[in-house]
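Protein chains: 4
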Amino acid sequence: MTRKIGVIGMGHVGSTVAHYIVANGFTDDLVLIDKNEDKVNSDALDFQDAMPNLPFHTNIYVNDYSALGDADVIISAVGNIDLIKQTDGKDRFVELSNNVEAVKSISAKIKSSGFNGILDVITNPVDVITSIYQKETGLPKEKVIGTGTLLDSARMKRAVAAKLNIDSRSVDGYNLGEHGNSQFTAWSTVKVFGEPITNLVKENNLNLDTLDKDARDGGFEVFKGKFYTNYGVATAAVKLANAIISDSKSQLVVSNYRKEYGVYLSYPAIVGKNGIEKQINLNLTKEELEKLQYSADFINQKFEENK
Amino acid sequence: MTRKIGVIGMGHVGSTVAHYIVANGFTDDLVLIDKNEDKVNSDALDFQDAMPNLPFHTNIYVNDYSALGDADVIISAVGNIDLIKQTDGKDRFVELSNNVEAVKSISAKIKSSGFNGILDVITNPVDVITSIYQKETGLPKEKVIGTGTLLDSARMKRAVAAKLNIDSRSVDGYNLGEHGNSQFTAWSTVKVFGEPITNLVKENNLNLDTLDKDARDGGFEVFKGKFYTNYGVATAAVKLANAIISDSKSQLVVSNYRKEYGVYLSYPAIVGKNGIEKQINLNLTKEELEKLQYSADFINQKFEENK
Amino acid sequence: MTRKIGVIGMGHVGSTVAHYIVANGFTDDLVLIDKNEDKVNSDALDFQDAMPNLPFHTNIYVNDYSALGDADVIISAVGNIDLIKQTDGKDRFVELSNNVEAVKSISAKIKSSGFNGILDVITNPVDVITSIYQKETGLPKEKVIGTGTLLDSARMKRAVAAKLNIDSRSVDGYNLGEHGNSQFTAWSTVKVFGEPITNLVKENNLNLDTLDKDARDGGFEVFKGKFYTNYGVATAAVKLANAIISDSKSQLVVSNYRKEYGVYLSYPAIVGKNGIEKQINLNLTKEELEKLQYSADFINQKFEENK
Amino acid sequence: MTRKIGVIGMGHVGSTVAHYIVANGFTDDLVLIDKNEDKVNSDALDFQDAMPNLPFHTNIYVNDYSALGDADVIISAVGNIDLIKQTDGKDRFVELSNNVEAVKSISAKIKSSGFNGILDVITNPVDVITSIYQKETGLPKEKVIGTGTLLDSARMKRAVAAKLNIDSRSVDGYNLGEHGNSQFTAWSTVKVFGEPITNLVKENNLNLDTLDKDARDGGFEVFKGKFYTNYGVATAAVKLANAIISDSKSQLVVSNYRKEYGVYLSYPAIVGKNGIEKQINLNLTKEELEKLQYSADFINQKFEENK
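Those protein sequence lines, which keep their order, are chains A, B, C and D.
Quick note: the first sequence, position 42, residue 42 per this note's numbering, numbers continuous.
Quick note: the second sequence, position 82, residue 82 per this note's numbering, numbers continuous.
Quick note: the third sequence, position 252, residue 252 per this note's numbering, numbers continuous.
Quick note: the fourth sequence, position 172, residue 172 per this note's numbering, numbers continuous.
Keep in mind that the hints are not guaranteed to be accurate.
Because identical chains cannot be distinguished in the list, a pair is counted as satisfied if it fits within a single copy or across any two copies.
Lysine-lysine pairs mimicking DSSO-like chemistry, simulated, CA-CA at most 30 Å apart [unchecked claim]:
(1) Lys202 / Lys278
(2) Lys291 / Lys39
(3) Lys85 / Lys278
(4) Lys35 / Lys213
(5) Lys104 / Lys143
(6) Lys307 / Lys278
(7) Lys39 / Lys224
(8) Lys109 / Lys286
(9) Lys278 / Lys39
(10) Lys85 / Lys202
(11) Lys273 / Lys307
(12) Lys143 / Lys273
(13) Lys291 / Lys35
(14) Lys259 / Lys39
(15) Lys259 / Lys202
(16) Lys291 / Lys111
(17) Lys135 / Lys213
(18) Lys302 / Lys213
No lab work stands behind these hints: they were computed from the structure.
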């Protein structure tokens, strides 16, 4: 069968996601959806203007929810960047009530389409929104996943790698919890040079608090310069989609429902064609567990207020 | 040696060019330049946030003209989208005086860097701007190339392919002349189903004038929906850059200096590491030659007014 | 749904096809089949040893015909290279009776699997074998395709490009008829520098007969040095498979059933998810039509002798 | 500048390396060298027959040592598979004296070319051969690297991943020492599910000795079925080459000169354009250190006997 991906929301992020997919031939059918018909038609046409000069062909469908029925993955990139601008990009929750309404309406349409694939949610605040998508679509919890701190972990790797002058792909480890201000780098999971980074602090003159802040505020740094962020998060979302479609059973840190916390939050899991194929359990320190509980409580409270 | 590409101008087009390059590992070193330091730093950081989740590594340098000295290709994507918006995207010349000033200043800096590679110009109005870049940098004419109607030809292919329900890559042929309103599809060069398209008009119920207009106005159509165009042109510019770097000697329709017209205009040429490696001569019809002359005269007049 | 490709026959060609697919992530599920269990298990393991260092994940299944039931494409690369060696690679028909038996047995198994996708046949002599696959599997004629002269056309492009010092992708045109000694370059279809190549013979000092021979004997040239050919044909077969899976409706010169000749032979067609989506008609010269008829007669005779 | 890679030795491994590079556009210039002129010319032609159907262009040069002078990386894939066959693939040292002679002769030619890039050595027994290359070419030790256990570590990841039903890329850790029978999996470095694998043995019913043997004997398993191994090692060698060319400073386990052992052996290091950019130090267990010393002693003895 052919691969089919839907992208809902063609703002800065959604259009970057779609371009990355088209430019690399990651799907056969691509369904693009946006309330702004002019924008989504414009992007679709622009992709088609790219294709004669690309090695891959992608069939593009616009604003047809029924085409999502047999999609492998739907990527939700809806959002309202204008609202975030009002907070200088510092508070993803300012988007919440607006996005909740959008997500409820979208979920009803996804449900009607008969979609039974995996939802890959970028829309912020992503942990709460992922919960709402799950509740509204009625999809099993393992089939609804948020990109969560897959991006923040990348930012942490970027920050650590820059400090140590190494490839960011040579840094392992995770940021956990909320894709928001209550997240944290679980330093006990971070390994560089074949060692826990905590062993290397002195020798390499590392300030873990600064690095942690750098990861957490990475989005804000990017936001400051262009009033949106797109490349990092689009890459994370497509990596997640590819793991699902190819059923690779990759370990990725994404927002998934953790029973013990009763919420969606970012924690590594094995991802395949059924979504979350297996949850794993890290040996976190007591301090990290407290931070994670704090983050979970924060997400939970926001979800209860908005579900 | 490592591949090195510079991108000057990190607006919608330049940042899309850079992302396409980073996501596909097309270069080893990437130099990003923009007057808006916040924007270019933001994009650079965003690319670095993508890299831990990408299979390729790219070294990114920001706002360092001296780093362009040994670049293989510099892609000029400077422009002022606000000016185009005032004309609803219909007149690329509204940008001219603004861009001429920018290009003169940039050329001086490129010259100082000792750059001796190939200039790949997207900046509009591209034919005039390419001339000005050549004049100001003092680079040989064959080393300064505009993306020109590589994009418009793609739009023509997209339009023809949609009408015939085939892959746009299975349409051959060229739009010639100005990357602007005086361009035209040279239908005598267009081949589909192994035949000149002119033979297939009746059988397939084609209206070549409509298709011609569709190609020429394709940019406007895209512009209408989002107030810029980026994916098609970025793909064309990178295709040109890759042909140069890999010395592929590909035949591409790009803006190159044609002695017989005394201007830069789009006409197919063989492109390799020396830029325009060979110019070719099409057997155009009398009508096409007249249209090309008209287009050349138009470009020439604009160049004389602004050089 | 996920993409699924089967490869039957893991000799030099089949294993190269499989590697090219695995290294580029062109499919999600890959079914490898060979009578030599040791060889196919060895290749499967070798691909899995590559995967930790690859950006793509592929699920590999070995010698399970039932897994072909829902494949998009099956690539037949069975063959007996030892037989060809006896003729110094000059006669693809020496393999025929051996391959016919193999193909009959394989077809029965493909049929049992419930396969309803597209057969992409490399096995030589490809035109006759493709006919036999169609007859034996009972699949509609448009769903059984041979790679045919997609390879020989590439060889012609390579030869012409080398002579003119241009990118082989900048040569258009076709070799037609049998993927064998009765094939020919249809020079009336070949275009370089925007012109029919026949116009450029004098100016560029071309000897079309020599170039024709170069294309036709290209396989023998490669064969001479290593006693098999694999990279060119594997690339052609995968290009065909990708056109099918992505439903690109690309125009490709492949072996397809032409009613007017009553045989499978290579002639350009539009290829998509239904296989041959549309047949096209070239304006061949009288001489080319005669050569094509001769080639068709030859294939037909061989098919009648072996069906 | 353009990327340039040389491949010396066009047997099963070298030709697979070259094909992987050509099919993915990893280099601009590719220099292929083999004593068997027919074979290398055959492969070069076969690659050129693939190119019209590929999205990338590569310039191929055959048997020209002088063209290696400005190469970024030379990959040594010379070897004598017939000798290994005599031992059923179980002893890489049977090739040694034959390969030492070849390597001495090749080194002289590399030296004459003025090559100052990085040597990426696959030739077995790789640790000893890498030493000999370094001695004979006179290149600094950090500029001569063997692929070593980058392959064996991949085999270990494949074995562990298969047992746990996860993506092999989600297994971290290293095989160390000789790319040969004295190697071992350093289980203290292996992490899955965010934990040291040693914590997960009981819960997941793992037998580390069996898995260790599986990694070490992985090559033999592949060899048994086809009497050579190529895809895994070619992928490793190209991964190393790409890290060098893009100066990614990736942490890779490769054969590099460790002063404390006085030999080349596999141990993780940071790899960039200068070759080994930084050596790292693992916290190995006492038992692992003993195994590593044993492996080093073995390599050293073989080197002394053959230098």
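Quick rundown of the hints versus the structure:
1. Lys202 / Lys278: between (36 Å within a copy, 18 Å between copies)
2. Lys291 / Lys39: neither (41 Å within a copy, 33 Å between copies)
3. Lys85 / Lys278: neither (37 Å within a copy, 43 Å between copies)
4. Lys35 / Lys213: Between copies only: 28 Å across chains, 36 Å inside a chain, cut-off 30 Å.
5. Lys104 / Lys143: within (17 Å within a copy, 43 Å between copies)
6. Lys307 / Lys278: Within. Shortest intra-copy distance 26 Å satisfies the 30 Å Cα cut-off; inter-copy 52 Å does not.
7. Lys39 / Lys224: both (24 Å within a copy, 8 Å between copies)
8. Lys109 / Lys286: For Lys109 and Lys286, neither the intra-copy (43 Å) nor the inter-copy (56 Å) Cα distance is at most 30 Å.
9. Lys278 / Lys39: neither (38 Å within a copy, 34 Å between copies)
10. Lys85 / Lys202: Close neither inside one copy (39 Å) nor across copies (52 Å); limit 30 Å.
11. Lys273 / Lys307: within (27 Å within a copy, 43 Å between copies)
12. Lys143 / Lys273: Both, since 9 Å and 29 Å are each at most 30 Å.
13. Lys291 / Lys35: This pair counts as neither: shortest intra-copy Cα distance 38 Å, inter-copy 41 Å.
14. Lys259 / Lys39: neither (40 Å within a copy, 41 Å between copies)
15. Lys259 / Lys202: between (38 Å within a copy, 25 Å between copies)
16. Lys291 / Lys111: For Lys291 and Lys111, neither the intra-copy (35 Å) nor the inter-copy (54 Å) Cα distance is at most 30 Å.
17. Lys135 / Lys213: For Lys135 and Lys213, the Cα distance exceeds 30 Å both inside one copy (32 Å) and across copies (48 Å).
18. Lys302 / Lys213: within (23 Å within a copy, 51 Å between copies)
The structure fails to meet hints 2, 3, 8, 9, 10, 13, 14, 16, 17 from the earlier list, while all remaining hints are met.
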